[in-house]
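Taken in sequence, the protein lines are chains D and E. Going left to right, the first sequence walks through residues 409 to 697 as the working numbering numbers them. Going left to right, the second sequence walks through residues 8 to 666 as the working numbering numbers them.
If you are wondering where the hints come from, they were derived from the structure by calculation, not from laboratory data. Here a beta-carbon is modelled for each residue, glycine too, at the ideal position from N, C-alpha and C.
Dumping the calculated DMTMM-like pairs for lysine to aspartate or glutamate here, alpha-carbon to alpha-carbon at most 25 angstroms:
1) K168(E) - E597(D)
2) K379(E) - D449(D)
3) K592(E) - D616(E)
Just a sample of chain D residues kept apart from chain E, beta carbon distances all over 12 angstroms, derived:
4) V460
5) V494
6) T566
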Amino acid sequence: MTAKKKRSSLVTGLAGGPYEVWAVLFILVPLGFVAYYAFTDNDFRFTTANIVRFFTDTSTGGDGSAVRTYLVISWRSIKLAVISTVVCLVLGYPLAYIISRASAKAQKTMMTLIMIPMWMNFLIRTYAWMTILQDTGILNNLLAGLGLGRVHIIGTETAVIIGMVYDYLPYMILPLYSIMAKMDHRLIEAARDLGCAPAGVLRRVILPLSMPGVVNGVTMVLIPSISTFYISQKLGDGMFFLLGDAIEGQYVANNLHFAAAIAFILMVALLAAMAVMRYFTEKHTYGGL
Amino acid sequence: MKRASKIFTALMFVFLFAPLVILLIFSFNEARSLSVFSGFSLKWYQELFRDTETLKAVRNTLVLAVCAAGASTVMGTAAAVGIYRMRSRYLRSALDMVTNIPMINPDIITGISMMLMFVFASRLMGLANSLSFLTLLIAHITFCLPYVILQVLPRLRQMDKALPEAAMDLGCTPWGAFWKVELPEIMPAIVTGMIMAFTLSLDDFVISYFTTGTGFQTLPIRIYNMTKKTVTPDMYALATIIFFVILALLLLSNLTDSEDSQRLRAARRAKRAAAGRPPMDPKKRRILYGCGGGLALVALAAAVVFTVTETDNKPQVLNVYNWGEYISDGSEGSMDVIKEFAAWYEQEYGRPVQVNYETFASNEDMYAKLSKNAISYDVIIPSDYMIARMIQEDMLLPLDFDNIPNYQYIDEDFRGLYYDPDNLYSVPYAYGIVGIIYNANVVDEADAGDWDLMWNEKYAGQVLQFNNSRDAFGTAMYRAGIDVNTTDRSQWDLALQSLLEQRQSGVVRSYVMDEVYNMMESGEGAIAAYYAGDYFTMLDAQADTVDLRFYYPERTNFYIDAMCIPSCCQNKEVAEIFINYMLSKQPAIANAEYTWYASPNRLVYEDPDYVDEMGEEAMAILYPDWGDFSEKYNAYAYRNLDNDLLDYINSLWETLKIN
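Could you build all of it, start to finish, from the sequences and the hints given here?
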């Protein structure tokens with residue numbers, strides 16, 4: 409048994425080893441570069457000015473009062489990203505469940521269909537959404553044709569959210585599906601047989617079982633949507649300025665150090681958020697089982 | 008309930024496929040527009056198959072995606088197993104954290120930070136070019152890995168822990184238990200992870216942009232760089248083709264799968280039995296399948312090696328770096344300048360030359376890559392203010408004009424300008440002037456004429472303003488008569504006030520760059536400031552309800568893009584021959600006709616056929632008779648500003664955007 413244990417740990421070491429080296433070289437070291445740039449000035453002398461600037465830079469708001477520029481930008485980014493993530497979850501969760509209950513053949517077909525849009529370039533997909541949403545666009549012509557009147561969507565937060573949901577929905581469905589396909593459906597039947605109401609089945613059985621998928625899905629949607637700049641530029645008519653735009657803008661202005669500082673702060677905040685989320689869900693999920 | 012879920016699923020797929028249907032329809036559009044359908048045509052498909060640069064980019068993208076997905080799936084699965092079995096909770100959560108980092112990093116920062124690291128590492132190792140296919144592959148594997156791990160790990164954790172233990176208790180080795188029990192259990196997650204990795208790699212633009220070297224541009228990079236002009240519809244054709252290929256694959260795999268293939272297999276077995284042969288040994292079958300898979304892998308590896316070496320083997324290589332859509336490329340019957348150059352060079356000099364023609368999206372992007380010595384090019388075509396900056400930073404080589412005799416055809420007006428006062432470093436390629444384009448069906452002629460049109464509250468929600476700080480501030484500064492290169496910050500503050508007023512009065516519909524084409528053509532916006540040449544591109548595709556017109560305000564922006572040789576050049580002589588070739592009559596005219604921008608080359612604008620082809624209106628607008636060009640140019644062109652001022656302007660721009 410001890411020999412087996414030893415070999416088992418050898419297997420473990422061999423399995424994880426290359427990745428550990430890779431992770432240090434290509435994840436941690438570049439991260440070091442971000443931190444290095446965030447805490448230095450143009451002459452590579454240590455400074456905290458970039459970090460301080462993020463929290464203190466002010467500009468004049470619409471009503472003439474001073475607002476903290478980057479906190480305003482952050483707030484808007486977080487708001488849009490959270491709404492998009494929630495919408496993705498609300499739409500993706502039932503869809504993933506429906507797919508996971510279909511026949512094996514239908515499952516495969518539907519999952520491939522969900523991946524197909526992602527194989528078209530995202531720049532072109534976003535262009536297509538502009539055509540659909542604009543004032544003279546397809547959606548408005550359709551609505552007008554049905555006598556429902558026109559809506560102004562392009563250039564609003566709604567348009568940006570639609571774009572994000574569209575682009576990132578597959579990232580929500582995939583991990584959810586991968587967990588749900590593996591779920592033991594006898595548990596659900598048992599709960600039903602024992603007189604549990606549908607809402608109860610969902611809350612007490614399905615949800616806890618699929619929790620790891622929810623966590624992964626939320627991670628995969630929240631992060632790209634908090635740092636995107638392309639979608640907000642195209643579907644937001646350039647009227648919004650999100651964190652991604654701020655980083656890109658600083659880069660174009662040849663201000664790598666401040667760009668790195670914004671990225672650094674964003675990263676620390678997201679890592680903290682992830683850690684908190686994982687702490688609670690892990691306890692919840694595995695404690696419950 | 009059943010019905011509700013069916014309707015819901017159907018609606019979701021409508022949502023997912025609506026944009027693809029749009030692309031499909033517009034790929035058959037006769038005009039260039041993605042807003043106005045003017046007639047059925049297959050021409051974009053012809054264009055696509057003729058466009059060797061795009062096809063090369065497609066191949067690059069696929070090769071990269073297959074390699075990245077393969078490598079990250081193997082390594083990621085191993086890593087997930089490793090993390091899963093790790094006994095130290097501390098180490099496990101640490102590794103978990105690290106795995107999340109590439110997903111948490113905004114891709115632009117992942118891209119930049121990896122570029123910085125590769126540059127640093129290659130300097131340590133004394134390599135000349137830090138970026139290559141290898142660095143691109145490393146970057147892609149790195150950002151694909153967490154997605155594979157995050158697919159596989161939850162599946163492992165969901166697995167019944169007793170299963171592998173039972174297998175081992177029954178005498179299975181740990182390896183055996185892994186192959187026979189754990190692997191089949193986690194296989195669906197591995198496949199999903201691989202598909203995700205493949206998809207992500209296929210779609211990534213930002214990280215590729217920063218980590219790829221000379222000679223390996225992917226499709227997303229190529230498309231993004233089309234922003235100087237606009238995305239060409241052969242991309243819609245490409246999307247449509249990809250769509251049908253995947254659909255075909257899907258149908259095929261469904262046919263060969265499940266019941267059907269089982270029926271087939273049963274039939275085959277029956278046939279064998281009827282022929283008196285025993286059923287195939289499962290071991291033999293496994294070997295057969297293994298051989299098939301192995302062959303496929305070898306073929307793939309060969310393809311990769313072929314692609315990688317193919318670009319390195321030829322003796323003469325010329326690397327050209329230009330704006331997207333900024334050279335005549337053979338589309339719609341035009342001249343394929345790059346191809347013709349290669350043919351001409353081989354005939355003239357008896358040696359073949361391979362031209363790697365690649366594109367960038369903005370001066371700043373190009374500068375960032377070149378200034379870090381990350382890549383090397385032989386010829387670049389930046390704009391005036393960037394040339395000034397690069398000269399100042401010793402990034403350009405003086406040209407040997409003995410090798411560029413065609414320089415004599417460059418008009419005197421385009422010599423000795425501020426950015427290169429002694430004519431040492433640059434040869435003008437094209438120039439342009441910003442004017443105002445408006446829809447005469449909406450805008451009253453009497454209101455047109457100067458910059459005030461862009462501030463006119465009569466046209467609320469109709470004005471398209473530039474979506475980059477320099478050009479947007481430019482409109483306000485030309486309007487107010489402020490020097491666009493002033494170092495006086497209070498003047499910039501004044502310009503901001505003007506832009507704020509423009510935004511808050513509701514005049515601005517959008518801040519745009521290349522979107523301007525679709526929006527003006529469809530009538531979505533009625534007033535926009537953009538480059539004169541682009542007005543004609545829009546005219547070609549305007550909707551029936553739109554009547555576009557153009558004029559120059561009194562003070563406006565002039566720019567020149569010029570050919571230069573960067574100090575990283577490997578082959579200066581061929582580079583100079585190329586520059587000279589670009590100035591010769593045929594290619595120069597082809598480029599001017601393709602881009603619709605004005606040419607400083609006498610061989611072009613004095614050519615009767617060119618003048619005829621352009622038409623009277625276009626000639627009058629593209630080559631306005633304004634007396635001394637250089638005087639106007641030196642007064643109004645953008646100059647290089649110092650970093651502090653750029654930073655200040657950027658923060659003003661943010662103020663405008665958050666209001």
